[in-house]
Structure formats: C-alpha cells, structure tokens
Amino acid sequence: MQTALEDFFRALRAADVRVSPAEAIDAHRTVDVVGFADRELFRDALCATLAKTADEVTRFEAVFDTFFDRRSDALPPPAAPEGQGDPMEGLPPEAQESDLARMLMAGDGAALAQAMEAAAERAEVSRIRLSTQRARLTRRLLEEMGLSEIERILAAARRLGGPGEAGADRLEAARKALAAQASAYVERQHELYASGSGKRLREEMLARKALNAEGGIDPVDQAMMQALVKRMAKRLADRYSRRRNVAWTGHLDVRRTLRKSMGYGGMPFDIVFKTKKVDKPSIVAICDVSKSVAAAAQFLLTFLYSLNEVVDRLDAFAFSGRMISVNGVLDDHPVDTAIFEVLKQIGFQQTDYGKSLEDFAEQHMDRIDRHTTVIILGDARSNYANPRLDILATIQKRSRAVIWLNPEPESYWSQGDSVMNRYERFCHVAKTCNTLEQLERIIEDVLRTYIPH
Amino acid sequence: MTSSAEAAFDAAQSPHFASIDALVSGLDEVGYIASRRIATSLYMAVRLQKPILVEGSAGVGKTELALCTAALLGLPLIRMQCYEGLDESKALYEWKYGKQLLYTQILKDRMGVALADAPDMDAAMDRLHGMGDLFFSEPFLEPRPLMKALQEPAGCVLLIDEIDKSDEAFEAFLLEVLSAYQVSIPELGVLKAETAPIVFLTSNNVRDLGDALKRRCLHLHIPLPDAALEKKIVASRVPGIEGRLTAQLVDFVQSLRGLDLRKSPSISETVDWARALILLNADALDGEVVRDTLNVLLKFEQDIVAVEPQVAELIRQAEA
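Residue numbers (this note's numbering), protein chains in the order written: chain A, 1 to 453; chain B, 1 to 320.
So here's chain A without its partners, still in its complex pose (with noise of 0.2 Å):
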C-alpha cells in the first residue's frame, strides 16, 4: 500500500496539490489510524490532511476518484469456454505452460488486473508524461505481461488446424479484450499524471514567446497568455500586498517613548522606534500603439491593471501620432479587449513620439510627482521628427523613475529611425523586453523598489 499511497501523492502533485515529505508521513499516519475499510472515511480523512484550500479539494476529489477507480476489474475478458470441459482444449501444450493464456482462457478478472498492475510497475506506466507515449506504453505494457507468448500460442494453435482454430479464435478474441483493457489502464495513468504537463510546458514556452513575432499572435495562444499575465501578476499582487512596517532602526522615537513611559512611573520600559510605511507606487504607463508594439501593450497594461491591489494609482497613456488617455477606456472594457477601442480611436497613424510627448507635457505633465514611476513602451521609431528629448528630461526630473521598455534588441537601438540611444540618456532604465517573463522581471523590479530595504 505504500507504493499505491506514494503513487496517489504523484498523482495529486501532477493535479496541482501540493503534497510536501511532511504533509505525506501525515497522510501515512492518517491511514494508521483509520484504515481502509471504510472507503468515504478513507478519502475524507485523506482529504483533511493533503488538500488546503477549498480549490485543493475539488481537485483531490477528482483525483481521488480516478485513482482508485477499479471499474475495469469488473471486467473479465470474454473467454468463457463454450460447453463443458477444459478452457484450454484444443490449444497446442505450450499454452499449459504461459500463467497468461491460462488466465486469459478461463477469463480470471482478478487475476489478469493484478498481472497488469505488476507489468505496469516494471513498464514505468506512471511516468507517463505526454499523450503521445500512451501507444508506447500500452505496448510495452502489454509486453511485460507476455504477450509475445499469447501470439506464438495463436500461431501454433493455427498449425494445428481443426480443434486448435476454434481455440485459437477464443484466445484472439481474449487477446483483444486484454489489448481494449491495457490502453484503458494506460490512458486512465496519462489523466492522473500527465494532463496537466503538458499545459504547464506550454505556458512556460508562451512566456518566452516574442511578443512582436511576424503574423501576430494565435488567438488561441493570446487566451493563454492573458491568463498567464493574470496569474503573474497575482503572483507579485500576493508578494506585494502586505502593507509592512520597516522598523528604522536607530532612530528613536522620543515622543511616544516619553509617553510610553508614563505609565511606569517615567521609566522608558518602552522603548519605540520610528517606522516607515511602505508607500504602493504609482505608475504612469505610457505604451506605443503602432502596429509592432501593440501586443506588448495590451499585455503590459492587462499586467499592470491586475495588480490594483498594490497600485496605488495608475494612469495609462496610448499614442501614435498623438497622445491619448485610456483610463476611461480601460474602466469601460475589459482589458483583453480595450486595445482594440484604442486602436480604433488612435490606430493607423504614422508614429510621431515628438508630438506624443508634446501632447502629455501639455494636458497630463501634473500625473506626475515624485512618487510615480513612468512606464513608457515603444521602439522609439520616430520617423525622423523631432524626438523633443527636453520634455522626456523634464518628466525624468519630476518623476521618481523612467522606465523605457523596448520590445527590440539593444543592438536595433541606433539604427534607422530608432532615437532610443539618444531617450536612453533621460531614462533610469532602459530594457529589452519582449516576452511575458521579461515584463514579470521588470515589474517586479518596480514593486520591489517601494519596498525599502
């Protein structure tokens, strides 16, 4: 039972359960005390100790069920002999000597599932990890269990003739059903063990992807990839969300010591330190529209937008040739979708970051104060206009920080129309980045920074 419990933990791992050393020696202890008699008090008890959240235990539900579902035990082969006698009349006399016919033949359920739970160990059925071995395995699993000797026993029977086809033809028909039972088992592993590998490798794949890739984006692809951005950035959320107090240490507070100390006669029992709240930032994200840079920006502002629970306040600017506000774009539609409004209303027009710039200096230069960090997206294309490199130095002096994302190489930098060696000069920092886990990277960097150390 040991093996089928470490068997069980894999499977639940693989479901997203998280089963530590220690929460599985709980789980050895739990099956001490209750035993396996009773199944619902097996699986509640189970239940308790592995699953932690009210999520976990739908899933160790489904998972519980699979495992140790046993209905194709009920399922003995069809091999009863016809009429009276021995089940392996007419069968050529090695059939005596293969345990697999003679099960086969007298269609002993039981103990043909017991022979494929030990094959299945010596195949290594359960590190099953892709769909595709599932053919593989069922063959080799099949193997294990002898099958080679059931087709020479089929090809001497054949020999034979007379008796031996009628025989022959029972042990065909057993073969097939034993074939049906293998790839049920077989596929019933990959459920429990690698359904969800293969959407994790997938993901991780997606979170290399090259955000401005020739032909756009699969719009299959882009559901998943907007799910992982939510899922980023609730994963930063959660880090970041604790509102912590940083003891500054040495720096006394002698006001509320004084007052402290009252109580007790003017004696400093109390001793209290200044402490600094840990201020949420504020961003200000201004993404580049033009059609190379689009995708990264919906996913920048999807990003940003997901984490309003440790943003304190967040602007988002969108240009081409001139500059927009889309903050009342983004309340009015959801995310995946309000690109789409803002191309409609800005898209299409030759990009000009001069006049982009202008525009904010004009009507949106007091969103920034030294609490905010800008966010600016863009490849810095400016079709040979005027780059106004003043107004970017003057937010640099206003703002706390400049972060210019550029979802091309450092080496395109200086080349063509690109003036981002020239804006890189007002910018605290300046990064390549063109797939989701860059942009993870870099926003983590901007929480991080609020955080004092």
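It is worth saying that the hints were derived from the structure and are not from the lab.
For glycine and all other residues, C-beta sits at the position ideal for the given N, C-alpha and C.
Incorrect hints may appear among the rest.
In the DSS-like style, the derived pairs of lysine-lysine whose C-alpha atoms are separated by at most 27 Å in a straight line are [stated by the list, open to error]:
no.: 1; chain 1: A; residue 1: 230; chain 2: A; residue 2: 355
no.: 2; chain 1: B; residue 1: 263; chain 2: B; residue 2: 231
no.: 3; chain 1: A; residue 1: 260; chain 2: B; residue 2: 96
no.: 4; chain 1: A; residue 1: 274; chain 2: B; residue 2: 90
no.: 5; chain 1: A; residue 1: 230; chain 2: B; residue 2: 165
no.: 6; chain 1: B; residue 1: 263; chain 2: B; residue 2: 299
no.: 7; chain 1: B; residue 1: 263; chain 2: A; residue 2: 274
no.: 8; chain 1: A; residue 1: 234; chain 2: B; residue 2: 165
If you want the footprint, here are the derived chain B segments under chain A, 3+ residues with CB under 8 Å [as the list claims (entries may be wrong)]:
no.: 9; stretch: 35–41
no.: 10; stretch: 97–103
Not everything, but these chain B residues come out facing chain A in the computed CB check (under 10 Å) [unchecked claim]:
no.: 11; residue: 44
no.: 12; residue: 48
no.: 13; residue: 205
no.: 14; residue: 217
no.: 15; residue: 218
no.: 16; residue: 219
no.: 17; residue: 244
Based on the hints, put chain B in the right spot on chain A.
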C-alpha cells in the same frame, strides 16, 4: 514519551472520539449538527494532534464548532480574536512592568544591607551573582491567551479566531506554537505545554494564508449546508419551532442563495430569522412578515431592495 503526548492520548480516548459516528452524535447532543466531513476532520485533528484550520463564509458555524467541541469534552475554551496589529505581547505574554519596577526598588533598598559586610568589591560581586535573578522570571510573567492555553494542566480548546485578519509576522510567530505546542521566551527559554490543546483556527479568506501555516494544519472548509442539514440545524437551535415553518423558511433561504446577492444569508442568519419569526408568533411565511423581517436575513440595503419585489414569488417556490 513526553507528558503532552500521553495527556492528548486521553482526549483521543474520550468515548466521543471512538468513531466518527460517535463524534457526530456527541456533537449533536451539545447542539452542533455536523456533517460527516466536519466530524472526520475533527476526529483526525484530535488523533493526529494537529491544529485544524476552518474556512468558510461568515456565519456557517466555524466559531461554533470550537465552542461545541469544548462543551463536548468539558474542556475550558480559550479564545483569541485576531486583528491587524496583534503582536506577541498581546497574544503570548508580557512582563509585569510595574511589579518589576517595585522589585528593583526593593532590591536597591536591600542591597546595601546585604553587601555591607563584604570586605572588597570582588566579594560583593560574588555575593551579587549568588543571589537569584528574579527580574526575568515566571512570577513576573503575565500570560496572554496562547500561553494560558499551553499552561492548562488538563488541556483546553484554543480558538484562534479570524487568523486572516492578523499580520504576516504574527502568522510566522504562531508556527512554533502550532507545530510543537511550545513557546520560546528569550529571557527564560522554552516553555512546553503540559497537555497539547485542541487548536482551531478560523479564516474568512480576507487574505491568503502562508503555506507554512497551512501545512501545519488540517484543512476544513465548511460550505453552506443543503436543505436537509439546515432544517436539522434550525430545529436543534430554535427549540419549539414547528416543522412546517422550518421547512418553509429553510427552502426560502435556500432559494435566496441562488440569487445574485452581495452577501448570501448563511446559517446564523437563518437561525436568527427563525427566532425572529417565533417572536412575532408567525406560524407560516407570508409576504408581509417576510418583508418586515428581511433585514434579519440580508445585511445590505441593495440586497433588500433587489429581493423585496420577488418575495411573493419566492414564498410560492418555497411552498411548492
């Protein structure tokens, strides 16, 4: 074996913990109608000596479970309400500063007499070291709920209510108490529980709890009950209520939960409502009575406004 393990063995030996069924009926006697899953979790918590983390929306009986367990076992209940800013001086222990102050003054007065006949400084220092250092000692310790729970000689039920309202740091500080049933006091060393208490933590999911804390606990999620269970609960909590009214009001509440409300009524609201109806001498639901008492059931003005026009329809459904 340590003394704590033996003593907790006694709690597990109580006849109520002989089997799940015994526990269900035991809880029933003290007025808690437990589902099998709840009873299993409690049973495992006592058997494995682990704290139990109870989650669920407000009013499903999380706190009540702890109260009833204490009543069932005849153990004292020590309750600690968590809130933001709760720290160890309020949860665990504090020094009795005033008495410590007096002690130092007495010490100062006596010191001259005690050291008067010492020939030189070294001898005086030796004598000083020879005296017991009482400044940081147990008589000057003011125990707070957690420590009180560890000091109960016969064990107790410790209820740490709304752990999700406390700070991250406090949660980390609880880990030692919860896994080893001991506390470390820097000045004194480790104090270990004589008898491990039965610990309940409740959470409303205001924030996600840390994995370390979750790992140390058994997890129990109490969902809103189904109609049959809720009827049993109302009948047990509101003695003297008629079966027909119970059925009617529970069905009404159940259908309310199907609506899109800001706060669905939970068990405690159902029970309160049943009591209110008894006080008003209502023997059946009718539109007027329901509209008058809707504020017992629903806690937001917009919910009441949304439900009011549907009351007649909902009563018809409940009767069907």
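Check of the stretch 97–103 of chain B against chain A for coverage (Cβ-Cβ below 8 Å, three residues minimum):
Contact hint for the stretch 97–103 of chain B vs chain A: holds, 3 residues under 8 Å.
Satisfaction of the residue 219/B interface hint, Cβ to chain A closer than 10 Å:
Cβ of residue 219/B sits 5 Å from chain A, so the hint holds.
Minimum beta-carbon distance criterion (10 Å), residue 218/B to chain A
Cβ of residue 218/B sits 5 Å from chain A, so the hint holds.
Given the hinted pair residue 274/A and residue 90/B, is their Cα-Cα distance within 27 Å?
Roughly 20 Å between the alpha carbons, so the hint for residue 274/A and residue 90/B holds.
Are residue 48/B and chain A close enough, Cβ to Cβ, to be under 10 Å, as the hint says?
holds (6 Å)
Pair hint outcome, residue 260/A versus residue 96/B [Cα-Cα no greater than 27 Å]
holds (15 Å)
Residue 205/B as chain A interface residue, shortest Cβ-Cβ below 10 Å:
holds (9 Å)
Examine the stretch 35–41 of chain B: at least three residues should have C-beta closer than 8 Å to a C-beta of chain A.
holds (count 4)
Starting from residue 230/A, check that the Cα of residue 165/B is at most 27 Å away, please.
Roughly 25 Å between the alpha carbons, so the hint for residue 230/A and residue 165/B holds.
Keeping to a limit of 27 Å between CA atoms, is the pair of residue 230/A and residue 355/A held or broken?
Between residue 230/A and residue 355/A the Cα gap is close to 33 Å, so the pair fails against 27 Å, i.e. violated.
Given the hinted pair residue 263/B and residue 299/B, is their Cα-Cα distance within 27 Å?
holds (7 Å)
Starting from residue 263/B, check that the Cα of residue 274/A is at most 27 Å away, please.
Status violated; Cα separation ~40 Å.
In summary, the structure is inconsistent with hints 1, 7 and 17 from the numbered list given earlier, while agreeing with the others.
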